[in-house]
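**Student:** Each chain, letter by letter, is given below.
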Amino acid sequence: MNFYLLSVIKAAVVSGVLMLTLLYLQWVERKLLAHIQVRLGPYRVGPHGLLQPIADTIKLLTKEDLMPPGVNKFFFLLAPFLAISLSLISISVVPFGPEVQAGGVRTWMQLTDLNIGVIFILAISSLTVYGVVLAGWASNSKYPLLGALRSSAQMISYELPLGLAVAAPLLMSNTLSLRELVQTQEHFYWGFFPAWNLLRGPWPQVIGFIVFMIAVFAETNRVPFDLPEAESELVAGFHTEYSSMKFAGFFMAEYANMITVCSMGTILFLGGWLPPFPAGYGSKFIPAAAFAAGGLVSLYHGLYTRHLRDRWSLTAFAGIFFAIAVVFSVPLLQPYLLPLFWFCAKTGLLLFVFIWVRGTQPRFRYDQLMRFAWSFLFPVAMVNLLATGLLVALFG
Amino acid sequence: MPQAVPLSWYLILSAVLFTLGVAGFLFRRNIITMFMSIELMLNAVNLSFIAFSYHLKQVDGHVFTFFVMVVAAAEAAVGLAIILTVFKNRGTLQVDDISSMKD
Amino acid sequence: MDAIVFLIFAGVAVVCAINVVVRVHPISSALSLIGVMGSLAVIYLLLGAQFIAAAQVFVYAGAIMVLFIFVIMLLNTGAEERSRGAWMARLAGTPLLMALLGILSFVIFWAFPRRIGVHFGAFTGGTVENIGRAIFTTYLLPFEITSILVLIAIVGAVTLGYKELD
Numbered sequence: 057m058n059f060y061l062l063s064v065i066k067a068a069v070v071s072g073v074l075m076l077t078l079l080y081l082q083w084v085e086r087k088l089l090a091h092i093q094v095r096l097g098p099y100r101v102g103p104h105g106l107l108q109p110i111a112d113t114i115k116l117l118t119k120e121d122l123m124p125p126g127v128n129k130f131f132f133l134l135a136p137f138l139a140i141s142l143s144l145i146s147i148s149v150v151p152f153g154p155e156v157q158a159g160g161v162r163t164w165m166q167l168t169d170l171n172i173g174v175i176f177i178l179a180i181s182s183l184t185v186y187g188v189v190l191a192g193w194a195s196n197s198k199y200p201l202l203g204a205l206r207s208s209a210q211m212i213s214y215e216l217p218l219g220l221a222v223a224a225p226l227l228m229s230n231t232l233s234l235r236e237l238v239q240t241q242e243h244f245y246w247g248f249f250p251a252w253n254l255l256r257g258p259w260p261q262v263i264g265f266i267v268f269m270i271a272v273f274a275e276t277n278r279v280p281f282d283l284p285e286a287e288s289e290l291v292a293g294f295h296t297e298y299s300s301m302k303f304a305g306f307f308m309a310e311y312a313n314m315i316t317v318c319s320m321g322t323i324l325f326l327g328g329w330l331p332p333f334p335a336g337y338g339s340k341f342i343p344a345a346a347f348a349a350g351g352l353v354s355l356y357h358g359l360y361t362r363h364l365r366d367r368w369s370l371t372a373f374a375g376i377f378f379a380i381a382v383v384f385s386v387p388l389l390q391p392y393l394l395p396l397f398w399f400c401a402k403t404g405l406l407l408f409v410f411i412w413v414r415g416t417q418p419r420f421r422y423d424q425l426m427r428f429a430w431s432f433l434f435p436v437a438m439v440n441l442l443a444t445g446l447l448v449a450l451f452g
Numbered sequence: 051m052p053q054a055v056p057l058s059w060y061l062i063l064s065a066v067l068f069t070l071g072v073a074g075f076l077f078r079r080n081i082i083t084m085f086m087s088i089e090l091m092l093n094a095v096n097l098s099f100i101a102f103s104y105h106l107k108q109v110d111g112h113v114f115t116f117f118v119m120v121v122a123a124a125e126a127a128v129g130l131a132i133i134l135t136v137f138k139n140r141g142t143l144q145v146d147d148i149s150s151m152k153d
Numbered sequence: 004m005d006a007i008v009f010l011i012f013a014g015v016a017v018v019c020a021i022n023v024v025v026r027v028h029p030i031s032s033a034l035s036l037i038g039v040m041g042s043l044a045v046i047y048l049l050l051g052a053q054f055i056a057a058a059q060v061f062v063y064a065g066a067i068m069v070l071f072i073f074v075i076m077l078l079n080t081g082a083e084e085r086s087r088g089a090w091m092a093r094l095a096g097t098p099l100l101m102a103l104l105g106i107l108s109f110v111i112f113w114a115f116p117r118r119i120g121v122h123f124g125a126f127t128g129g130t131v132e133n134i135g136r137a138i139f140t141t142y143l144l145p146f147e148i149t150s151i152l153v154l155i156a157i158v159g160a161v162t163l164g165y166k167e168l169d
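Residue numbers (my numbering), protein chains in the order written: chain P, 57 to 452; chain G, 51 to 153; chain A, 4 to 169.
Simulated from the structure, these hints should not be mistaken for lab results.
By construction, the Cβ of each residue, glycine as well, lies at the ideal position given by its N, Cα and C atoms.
Hints are not guaranteed to be accurate.
[As the list claims (entries may be wrong)] Computed, partial: chain A to chain G, Cβ under 7 Å:
#	residue
1	A6
2	I7
3	A20
4	V23
5	V45
6	S108
7	V110
8	G128
9	I148
[Unchecked claim] As a list, the in silico DSS-like pairs of lysine-lysine whose alpha-carbon atoms are at most 27 Å apart:
#	chain 1	residue 1	chain 2	residue 2
10	P	K119	P	K129
11	P	K115	P	K129
12	P	K198	G	K138
13	A	K166	P	K198
14	P	K340	P	K66
15	P	K129	P	K66
16	P	K129	P	K87
17	G	K107	A	K166
18	P	K87	P	K66
[As the list claims (entries may be wrong)] From chain A, some residues computed to sit far from chain P (all C-beta separations above 12 Å):
#	residue
19	F12
20	A56
21	F61
22	A95
23	L99
24	G120
25	I138
26	F146
27	L152
28	L163
Please model the entire structure based on the sequences and the hints provided.
**Tutor:** Spelled out as structure tokens, the structure:
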């Protein structure tokens, strides 16, 4: 098939799935937060609130589009546009799976592979500061300006530990291309133990992974580092004066940033699309088994629940889970679906950690946050990098 | 074979950017804008380095560019700290008003 | 195809550079300078300098210009006013600058005739490995001195901005 046509098809599929995921990530977050706080979350709009994101989108589209007086119009309009477009670009170099072949067309499950892929993602994420800064400055009001200054200072302070934490697995894998990073983690120790960068010698990147996760919490302005946009602190921080679709732009940009950094964490530390143990030990049956187990749990709750409306909705979900389990068992589709499942499962696990931390942690005060970055996280990341370098030079 | 862009075009672009940087440095009176014109000149020189590195098929031009970037970063940090101090003491950013030497 | 990409991004670079020099508000100049750096990064890619293009976006546009924009927002002085001796400086300086540009162009066209061209993909030596090898073997001394220079810059900036806690 023509290279351009193939690229267009891949780009359309990836961006469509990404948009859908952005929409439903919001639903997942609200449901998870609700269950952590022992309440129900979105429940009425559609079965178990599944149509809630669509209702929210319609609401945001039909709201009044305010532009406060005295704002700098060009930058006011540019800021959410910058934020959302930069957040969506990074997904173009993320590999979702290995090389697959379908009907005579061989292609990688990745839009493009740059041999400077990691620096590309770091560069794009360092440009997202501009969305925040311009939004705060162009709003011509004190709370957004303060929120923007604090938020951008926080983002550039945490870029340093992020860069150092990212550099350590690069030393171990000896490449900057995201595809090759996953390929260097492809072997298994003693036949069954995965050689992910988190777990493999000479220096397992446990400290690096923890530093990376903390740094990306600060990069994406999530709890516990969300002081610049917390509601009780600065009204709404840098996006106070934004309404309707421009606010939706910032909202989507935050979730897109979350997905990007979780994908990067998966590829750098958790082995990308690789299964935790080889196919010889039965890792091909795990997705089908997981979905079947989910179906059974959903069926049990559906049959023995008190609320009448849950009886049919949970049973319908059980049916859907069993259907997906059957799809995963088809050997013809397994080379495409299995790597995708492992990638999405690992990224989903990291996103779950994001949402879990939001539900359980209080937020840092601003000076505690900056002191934590410069006095603790940066030296720890540097020590990790030095240890990695020394051990790779000695035993690599 | 696709038509090649002549190397002289890249160097002309570098010369134009450099001249614009000099113009900004000489004609503007706001100290931050003068500083940004210096950065524009440094970028123009970086482009020259990369173009010549391509022409000679060596990587040394890239190394020089890397060092120029690092030096520009260090200079920006110290320069902006000085500008902040000057603003605190003189209250203005116009170069003509900062100078306290006799006419 | 190369020519079209080069002309588009060279045009963007020149327009943004003119914007840097012409605009009265420092924030507009700063954002135009970011535009120049972005288009220069694409032009570096055309010349086969992959790492330098990424470093340009990462270091220059993502860190140095953020510092500039911070300072401009902190000082918040607004648009620059017309200064007194400006028109005379422009009157005397413009022909000299035209002469400078003319001399540079003449030398460039004389030294590099049209047949010396840039083909996209002809230089594959701009990889991270090659630059790393050059930095850590041939240019080790400048590298170490540059790191000390950055340390001096950090100490200097902190000293200048230091506020005693009363």
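**Student:** Could you run down the list of hints and mark each one as holding or not?
**Tutor:** The hints, checked one at a time:
1. Hint on A/A6 holds. Least Cβ distance to chain G is approximately 5 Å, under the 7 Å limit.
2. Interface restraint check for A/I7: the shortest CB-CB distance to chain G comes to about 10 Å, outside 7 Å, so the restraint is violated.
3. Interface hint status for A/A20: upheld, as the beta-carbon distance to the closest one in chain G is roughly 4 Å, under 7 Å.
4. The interface hint given for A/V23 is met, as the beta carbon of that residue sits about 6 Å from the closest beta carbon of chain G, less than 7 Å.
5. Interface hint at A/V45: violated, since its Cβ lies 12 Å from the closest Cβ of chain G, which is beyond the 7 Å cut-off.
6. Given the 7 Å rule on beta carbons, the hint for A/S108 holds: about 6 Å separates it from the nearest Cβ of chain G.
7. Violation of the interface hint for A/V110 is found here, the shortest Cβ-Cβ separation to chain G being roughly 9 Å, above the 7 Å cut-off.
8. Annotation: interface hint on A/G128 holds; nearest CB of chain G at approximately 5 Å, less than 7 Å.
9. Hint on A/I148 is violated. Least Cβ distance to chain G is approximately 9 Å, over the 7 Å limit.
10. Of the pairs offered as hints, the one joining P/K119 and P/K129 holds, with about 19 Å between alpha carbons and a cut-off of 27 Å not exceeded.
11. For the given pair, P/K115 sits about 24 Å from P/K129 by alpha-carbon distance, which is consistent with the 27 Å threshold.
12. Annotation: proposed proximity of P/K198 to G/K138 holds, straight-line Cα distance about 21 Å (limit 27 Å).
13. In summary, the hint linking A/K166 to P/K198 is supported, as the alpha carbons are separated by about 24 Å, within the 27 Å threshold.
14. Proposed proximity of P/K340 and P/K66 is supported: the alpha carbons are some 25 Å apart, at most 27 Å.
15. Only pairs whose Cα atoms come within 27 Å are accepted, and P/K129 paired with P/K66 is rejected, the gap being roughly 36 Å.
16. Taken as a hint, the P/K129 and P/K87 pair is broken in the structure, with Cα atoms around 37 Å apart against an allowance of 27 Å.
17. Proximity of G/K107 to A/K166 is assessed by CA-CA distance (about 50 Å); at most 27 Å being required, the pair is judged violated.
18. Between P/K87 and P/K66 the CA atoms are separated by roughly 31 Å; this puts the pair beyond 27 Å, and the hint is violated.
19. No Cβ of chain P approaches the Cβ of A/F12 within 12 Å, the least distance being about 17 Å, so the stated non-interface status holds.
20. Its beta-carbon lying about 8 Å from the closest one in chain P, A/A56 breaks the requirement of being farther than 12 Å from that chain.
21. For A/F61, the requirement that its beta carbon stay farther than 12 Å from each beta carbon of chain P is not met, with the minimum near 4 Å.
22. Look at A/A95: its CB is around 34 Å from the nearest CB on chain P, clear of 12 Å, so calling it non-interface holds up.
23. Under the 12 Å C-beta cut-off, the non-interface status given to A/L99 relative to chain P holds; the minimum distance is some 34 Å.
24. With a minimum CB-CB distance of about 24 Å to chain P, A/G120 clears the 12 Å threshold, and the non-interface call stands.
25. Its beta-carbon lying about 15 Å from the closest one in chain P, A/I138 satisfies the requirement of being farther than 12 Å from that chain.
26. Taking the minimum C-beta to C-beta distance to chain P, about 16 Å, the non-interface status of A/F146 holds against the 12 Å cut.
27. For A/L152, the requirement that its beta carbon stay farther than 12 Å from each beta carbon of chain P is met, with the minimum near 18 Å.
28. With 12 Å as the threshold on Cβ separation, the claim that A/L163 sits away from chain P holds: the shortest Cβ distance comes to roughly 18 Å.
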